[in-house]
Amino acid sequence: MCGDAFLVRFENVGLRYGSGDEVLTDLSFAIARNSFQFLTGPSGAGKTTLMRLILMSLKPTRGLITLFDRDTTTIAKDEITAIRRRIGVVFQDFRLLDHLTTYENVALPLFVQGREERSYRAEVTELLKWVGLGQKIGAYPPILSGGEKQRAAIARALIVRPELLLADEPTGNVDPSLARRLLRLFVELHKSGTSIVIATHDLGLMDQFDSARRLVLGEGRLHVYD
Amino acid sequence: MIMWIKGLPRIFSVGERLTLIPADSTAGRALVTVIAIMTFLATLTGGSAILVREASRDWSATAAREMTIQIKPVSGRNAEGDGKKIAQALQDIPGIEDARLFSREESARLLEPWLGSGVDLGELPVPTLVVVKLQSASPSTLTTLKDRVRQISPAAVVDDHRGWVQRLERMTGALVIVALMVLGLVLTAMGLAIAFATRGAMAGSREIVSVLHFVGASDHFIAREFQRHFLRLGLRGAAFGGLASIIIFLLSGWLTSRWSADPAGEQIEALFGQFNLGGSGFLTIGFIAAMMAMLTGHISRKVVYRQLRRVG
Numbered sequence: 001m002c003g004d005a006f007l008v009r010f011e012n013v014g015l016r017y018g019s020g021d022e023v024l025t026d027l028s029f030a031i032a033r034n035s036f037q038f039l040t041g042p043s044g045a046g047k048t049t050l051m052r053l054i055l056m057s058l059k060p061t062r063g064l065i066t067l068f069d070r071d072t073t074t075i076a077k078d079e080i081t082a083i084r085r086r087i088g089v090v091f092q093d094f095r096l097l098d099h100l101t102t103y104e105n106v107a108l109p110l111f112v113q114g115r116e117e118r119s120y121r122a123e124v125t126e127l128l129k130w131v132g133l134g135q136k137i138g139a140y141p142p143i144l145s146g147g148e149k150q151r152a153a154i155a156r157a158l159i160v161r162p163e164l165l166l167a168d169e170p171t172g173n174v175d176p177s178l179a180r181r182l183l184r185l186f187v188e189l190h191k192s193g194t195s196i197v198i199a200t201h202d203l204g205l206m207d208q209f210d211s212a213r214r215l216v217l218g219e220g221r222l223h224v225y226d
Numbered sequence: 001m002i003m004w005i006k007g008l009p010r011i012f013s014v015g016e017r018l019t020l021i022p023a024d025s026t027a028g029r030a031l032v033t034v035i036a037i038m039t040f041l042a043t044l045t046g047g048s049a050i051l052v053r054e055a056s057r058d059w060s061a062t063a064a065r066e067m068t069i070q071i072k073p074v075s076g077r078n079a080e081g082d083g084k085k086i087a088q089a090l091q092d093i094p095g096i097e098d099a100r101l102f103s104r105e106e107s108a109r110l111l112e113p114w115l116g117s118g119v120d121l122g123e124l125p126v127p128t129l130v131v132v133k134l135q136s137a138s139p140s141t142l143t144t145l146k147d148r149v150r151q152i153s154p155a156a157v158v159d160d161h162r163g164w165v166q167r168l169e170r171m172t173g174a175l176v177i178v179a180l181m182v183l184g185l186v187l188t189a190m191g192l193a194i195a196f197a198t199r200g201a202m203a204g205s206r207e208i209v210s211v212l213h214f215v216g217a218s219d220h221f222i223a224r225e226f227q228r229h230f231l232r233l234g235l236r237g238a239a240f241g242g243l244a245s246i247i248i249f250l251l252s253g254w255l256t257s258r259w260s261a262d263p264a265g266e267q268i269e270a271l272f273g274q275f276n277l278g279g280s281g282f283l284t285i286g287f288i289a290a291m292m293a294m295l296t297g298h299i300s301r302k303v304v305y306r307q308l309r310r311v312g
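Protein chains in written order, with the numbering used here: chain A, 1 to 226; chain B, 1 to 312.
Derived by calculation from the structure, the hints in this document are not laboratory data.
Only part of the chain A face toward chain B is listed, based on derived beta-carbon distances under 10 Å:
| id | residue |
| --- | --- |
| 1 | Lys77 |
| 2 | Asp78 |
| 3 | Arg86 |
| 4 | Val89 |
| 5 | Leu96 |
| 6 | Ala107 |
| 7 | Phe111 |
| 8 | Gln113 |
| 9 | Gly114 |
| 10 | Glu117 |
| 11 | Arg156 |
| 12 | Ala157 |
All figures in this text were calculated on a predicted structure; none of them were measured in a lab.
Using N, Cα and C, we set each Cβ at its ideal position, and we do this for glycine too.
Given only the sequences and the hints, what does the whole structure look like? Please build it.
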């Protein structure tokens with residue numbers, strides 16, 4: 001069953017590149033509404049690939065993926081945009097646009113929706129203060145530190161109040177103290193109703209929130225620990 | 001109105017829109033140059049076609065209001081006497097403004113480029129000419145004129161310049177068609193240049209396009225962003241090209257007006273008129289330049305949208 005309770009459901013999903021072996025095999029799991037999970041596994045296990053499948057930037061070679069009650073194979077290209085607007089994503093390499101200020105980068109998801117700048121100005125400024133970038137709103141990414149870039153990328157993902165947040169190694173470039181602060185930020189967001197998936201191989205980070213569900217990828221297969 | 005908020009670092013500016021495709025790049029500057037050159041060629045072609053068409057209209061109008069009567073020398077008749085009679089008789093016909101007998105000196109001057117100066121026309125079978133100016137070239141006036149001429153001198157031939165005007169119209173028509181073909185070639189070349197530049201810009205902005213997709217931008221939105229970017233480049237290039245063309249036409253007009261005092265200038269002016277495009281000509285240049293800029297934006301949008309749909 002895939003009702004309102006689940007945002008994402010994978011059923012026997014497999015993925016191979018070209019004619020090679022499957023890099024992901026028989027993935028079957030679901031991400032419930034308002035849930036919190038860590039996606040973990042060794043480097044190269046396929047965590048980012050799994051996230052790209054959820055984002056529909058990759059198509060599975062077999063199996064069924066359901067996103068927000070829609071079978072992804074039946075989603076038209078124009079509808080993908082609407083679905084992506086319900087998902088916030090934090091990339092491992094941040095993917096901030098270097099020619100835009102921190103403010104403009106964070107406001108980008110609202111701008112592409114065609115909203116007037118004055119309608120979100122206060123909201124973006126407030127979020128930037130909340131993630132500790134209140135003094136950096138006019139700064140360009142090349143002069144931000146790794147941690148600042150990370151927080152800007154997180155703010156960009158949060159600004160649309162997504163129903164699902166995918167964060168790929170969000171603490172990979174920050175010191176342990178900042179990592180804890182960022183995790184608290186995700187927990188706060190989870191409390192406000194967003195489902196969170198954090199891809200990480202930082203065991204210390206996972207231990208700080210051990211009530212979270214763990215999805216462990218290894219050798220192309222997924223093991224779920226509730 | 002664009003204005004920066006004082007006292008704050010650059011967060012946003014009132015009235016300014018976010019620019020997602022970086023504005024300045026070497027490729028962008030090269031494309032502005034290409035568009036400027038193409039616009040210059042297109043507007044120069046368009047302006048020249050207008051000049052030729054206007055000059056042809058002037059020639060046709062002048063030729064249609066003028067007639068030449070040739071009285072060939074025939075033994076037993078006094079051609080010059082017949083000419084005088086014809087010139088006098090035609091003055092009374094309604095619709096004829098003036099009829100004037102060309103003197104021997106004037107005829108000699110007309111033949112000077114071919115025969116040299118100081119030729120005694122009395123020894124040559126040169127026809128006597130009567131030049132007639134018409135108020136209106138109505139058929140009744142022409143019939144009356146021809147009847148009257150025939151009555152006075154059977155050796156007189158009326159040339160109403162119709163054949164010459166038709167040839168002139170055919171020639172200018174052909175020139176305008178050639179100009180349109182050149183314009184078409186310029187537009188095609190520019191379209192291809194823009195398509196290649198757009199693909200290059202897309203390849204260079206792959207990361208930006210990818211991020212825009214992930215933050216929820218539609219293909220239409222991304223295509224519009226590229227269109228806006230290329231429209232800016234197009235406007236800049238078209239402005240340079242159009243302005244250069246306007247300067248060329250103004251300069252040519254000024255130079256021909258200065259040179260019209262000497263014989264070479266007179267001949268150029270007789271052939272092309274005064275190189276004066278007039279308001280409608282300059283408006284046409286503005287229209288062509290604006291069209292080039294719009295075309296730049298439109299083509300880039302189409303190319304981007306098609307590429308995005310193909311990539312899927």
